Amino acid sequence: MMKQDAYGMTGALSISESSPLRKVDPRTKLALCLAASLAVMLPLQKVAVFFVLYFMFLAWARLLPGALRQIWKLKWILAVLFVVDWLVVSPELAVVVTLRLVIVAGVFAMFFSTTTPSELCLALVWMRVPYRYAFSLGLSFQAVGHINSEWRKILEAQKARGAFSAPSGWRYPVEQVKNLVSLTVPAVVLAAKRAWSMTEAAYARGFESPNRRPYKALLMSRADWFIVSGAAFIFILILSWRLP
Amino acid sequence: MKEKYFSTFQLFLLAFFAALIVVAKIALHLPLQLSGHSGIFWMAIIIVSSRVVPKPGAASLVGLTSGIMAAFLGLGDLGALNTLLSYSMAGVGADLALILLRDPENYFCAALAGVFGHMAKFMVKWIFGMIAGAPAGFVALGLAKALAGYILFGALGGFLGALTLRALRRAGFFTYLMEKK
Amino acid sequence: MAVIQVNDLTYAYPQGRSVGPCSFTVEKGEFLHVTGSSGCGKSTIARCISGLIPHIYHGKMTGEVLINGRSTLSTRMWELSELAGFVFQNPSMQMLGNTVEEEIIIGLENLGLDRAEISGRLEESLGRFGLDSLRGRDPQTLSGGEQQKLALAAITSRRPPVLVLDEPLSMLDVSAATELTRYLSLLSRSGTTVIAFEHRADYLSSLPGVRVMALDSAASVKFSRRRASASCPDCKCGAKPLVISNICVNAGKTRILENMSLTVQSGSVTAIVGRNGTGKTTLLRAITGLQPFEGSVTVNGKKPDFGLVCQNADLQIFNAAVRSEILYRVNNPDMKLYARLLEILGLGRYENTPPLILSEGEKKRLALATVLIRKPEHGVLLDEPSLGQDAAHKHTLMELCAEIASTGKTVILTTHDLHLASMADRIVVLGPDGVTASGRTEDILADDSIWARAGMFVPGWITEDERKGITA
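Chains as they are written, first to last, in my numbering: chain A, 1 to 244; chain B, 1001 to 1181; chain C, 2001 to 2472.
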């Protein structure tokens, strides 16, 4: 039933520890991703130049294998779009659409594959997102492992009781959906109980105290400023480049 | 204690519902003999969340949180941004539909809200194709087949959500929630 | 000087259940052990003292609780958390951080301390509770004992003058419970006022200077060993034993069970004990076929048919009433058996009650009923049936197990509670290398070397009578 065990799944977080971007402030990375995603609006020559720079940057950041995997996942969509655009509109459009899709599909991986959820929470608090919202986001990551193992146990317990013995096959979708109630109800109940325990535990440790002072803080280093100014410079250069 | 829009318990509860969606998406093959059925559980949880935390925005918050988680976990074929937006929009779509339809325990309303939510997710994919400059007709054609699945599984998800809510009510879940702020 | 004053305290839950009235005071530096049976209101009163009631509960509280002269009604929750720290029953459900360090830091941040002070307190807590080597670990990967120590470290690092604990020992094995008791004793001696709400009386009552307060008379219920086998330990009824031969179970790259062989007599109650992580639950899952394994598990040469009662009853409850829950998807239910189950499990008056509003103990009994109504051919397996149950409930449970066994069926239960295990006919001790020993309860309890090999010990308060298996 399960593809992986509880921690195998949270392991899918796969943060690239070896990437130089790992040490970069999450705010810098977020700004970088947002700016890079605007590149989809560029015309062909500019997007081609950007594409080369983008891949050079990925290589420097040791994120190229991940980006290539992402492209591989898209291979059929890209191939079909490329051929159809070529035949129906023009080869130029085929190339530009392909490049744009590759950029837009991969650009935010620069952020998500080099940032931990805890760092994201710190960045959210800096962006004036209330602490309680950022904290609950952190809890949701923590909950994935538990919920995964609870799901497995619910499935086992219900299967043992014959909960899924209704007719199967495409003719009985409604019957089958009804069977799923035996999964969703315990799952929701357990989630609520865990949420309540966490609420009590948080309040027992002074949650929502107006005196709260964070132990960890985000700090823009020289590398951050270098990346931000470098990226801004390149972006302005591309925008101001007059095409012949 | 000053009244907040979402109480801490409600926030944590919504966070856990978001985690439920992500777990269902990654790790579970429901014992259902239908292909492409992951949206069923997805929409069901969103519908359930909108009743368990009966405030506009609850489903959207579940969608957004699950979107952030899914982006971190590398789900989806079209990249992190697409994943983040499509999960979020599924919540927003269901939320907007339920503002109009009101009762998520009603099978029809819930199924319709499920279709809305799932369609919103579909729209994100379509808009992505458009932004990339792909011809609108072709994108529409390519996604037409998927559209039928989105509507069917959105409706079934909404239906499962309503069934779950009714079962929860009968099993005393809302009585359990009653004492918790 | 009284640090805590509880005056005419009552609390009514919105569903109608109520607790109290009660009044008591606790002096500065005192160690108060509050006992009482399940459902007598221990957890509710603990929450009233910590301020969680009324701040995050909707019920109606009357009377007052004063901590250091400040009323819990008029003091804000975050301020109360600085006056009275609270440690909960289930440590895995209260972990908020991604690492052990973070778990402690979260509470310290809320005190408004500067970084240097937080670092200092963090190191002190990690050192005091022996968590130094675990500082980078995910709290959810720790054992139950380590988690409870971490919960205690996270709260005591905030240095509250009062520490309230709600059933802190109920989820722990003997060694972990003994170690935690030692820490509580140290805290008390260092001047912290400790109030422990705990029905496992024996650990705390043995500490010097502890004042015991009973919330109800049922708290004094004592275990008595009831031999299950009026039955057939030697299989005279013709029932065949469960034979487990060389089974191996892997979880990913970790081998949980390795070449384990065991024969379990039918017509008896067998308790499987062992420290956390020795594979008790995995073994039960393998017997039922839920867990893939190498090797063989057979009864009379065939695949066995056992019913499994899960540790957490909430995993399987979803119907509208107790009746529909028990009869769910049972073909041609035996209504006589149904009526009998309701009677012996004390569920008769709840037949039409929504299961989710039952107490935890009642839900466990309901889960057992859902298994028994299916008449599993060879018997039942119970995974940690005593978690969170008081002495009276454990006693009832063991009587029921004995009754099932007396029909020639096999009853196997896993437990970390040696009190409960001492009431079984046979004990199987699992250690790091598989089955450490297996045999009659009195023989196993009497042999200290077995327990030493399994990394456990039998506390002195499991009385000589119980060790020798004398029926009360």
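Simulated from the structure, these hints should not be mistaken for laboratory data. Among the hints, a few may not be true.
Straight-line distance between alpha carbons at most 27 Å, and here's what the computed BS3-like set of lysine-lysine pairs gives [as the list claims (entries may be wrong)]:
id	chain 1	residue 1	chain 2	residue 2
1	C	Lys2240	C	Lys2375
2	A	Lys178	C	Lys2363
3	A	Lys178	A	Lys193
4	C	Lys2303	B	Lys1025
5	C	Lys2302	A	Lys159
6	A	Lys153	C	Lys2336
7	A	Lys159	C	Lys2060
8	A	Lys178	A	Lys153
9	B	Lys1180	C	Lys2363
10	A	Lys178	B	Lys1025
11	B	Lys1004	B	Lys1181
12	B	Lys1181	C	Lys2240
13	A	Lys153	C	Lys2303
14	A	Lys75	B	Lys1025
15	B	Lys1025	B	Lys1181
16	C	Lys2336	A	Lys193
17	C	Lys2060	B	Lys1180
18	C	Lys2336	C	Lys2253
19	C	Lys2253	A	Lys153
20	A	Lys23	A	Lys159
21	A	Lys46	A	Lys73
22	C	Lys2336	A	Lys46
23	C	Lys2302	C	Lys2363
24	C	Lys2303	A	Lys159
25	A	Lys159	B	Lys1025
26	A	Lys73	B	Lys1025
27	C	Lys2060	C	Lys2363
Please read all numbers here as calculations on a predicted model, not as lab measurements.
Status of each hint after checking the structure:
no.	hint	in the structure
1	C:Lys2240 x C:Lys2375	17 Å, holds
2	A:Lys178 x C:Lys2363	24 Å, holds
3	A:Lys178 x A:Lys193	24 Å, holds
4	C:Lys2303 x B:Lys1025	34 Å, violated
5	C:Lys2302 x A:Lys159	21 Å, holds
6	A:Lys153 x C:Lys2336	30 Å, violated
7	A:Lys159 x C:Lys2060	41 Å, violated
8	A:Lys178 x A:Lys153	19 Å, holds
9	B:Lys1180 x C:Lys2363	21 Å, holds
10	A:Lys178 x B:Lys1025	19 Å, holds
11	B:Lys1004 x B:Lys1181	11 Å, holds
12	B:Lys1181 x C:Lys2240	54 Å, violated
13	A:Lys153 x C:Lys2303	22 Å, holds
14	A:Lys75 x B:Lys1025	22 Å, holds
15	B:Lys1025 x B:Lys1181	30 Å, violated
16	C:Lys2336 x A:Lys193	35 Å, violated
17	C:Lys2060 x B:Lys1180	12 Å, holds
18	C:Lys2336 x C:Lys2253	48 Å, violated
19	C:Lys2253 x A:Lys153	20 Å, holds
20	A:Lys23 x A:Lys159	47 Å, violated
21	A:Lys46 x A:Lys73	25 Å, holds
22	C:Lys2336 x A:Lys46	81 Å, violated
23	C:Lys2302 x C:Lys2363	32 Å, violated
24	C:Lys2303 x A:Lys159	18 Å, holds
25	A:Lys159 x B:Lys1025	20 Å, holds
26	A:Lys73 x B:Lys1025	17 Å, holds
27	C:Lys2060 x C:Lys2363	26 Å, holds
Comparing the model with each numbered hint stated earlier shows that hints 4, 6, 7, 12, 15, 16, 18, 20, 22, 23 do not hold.
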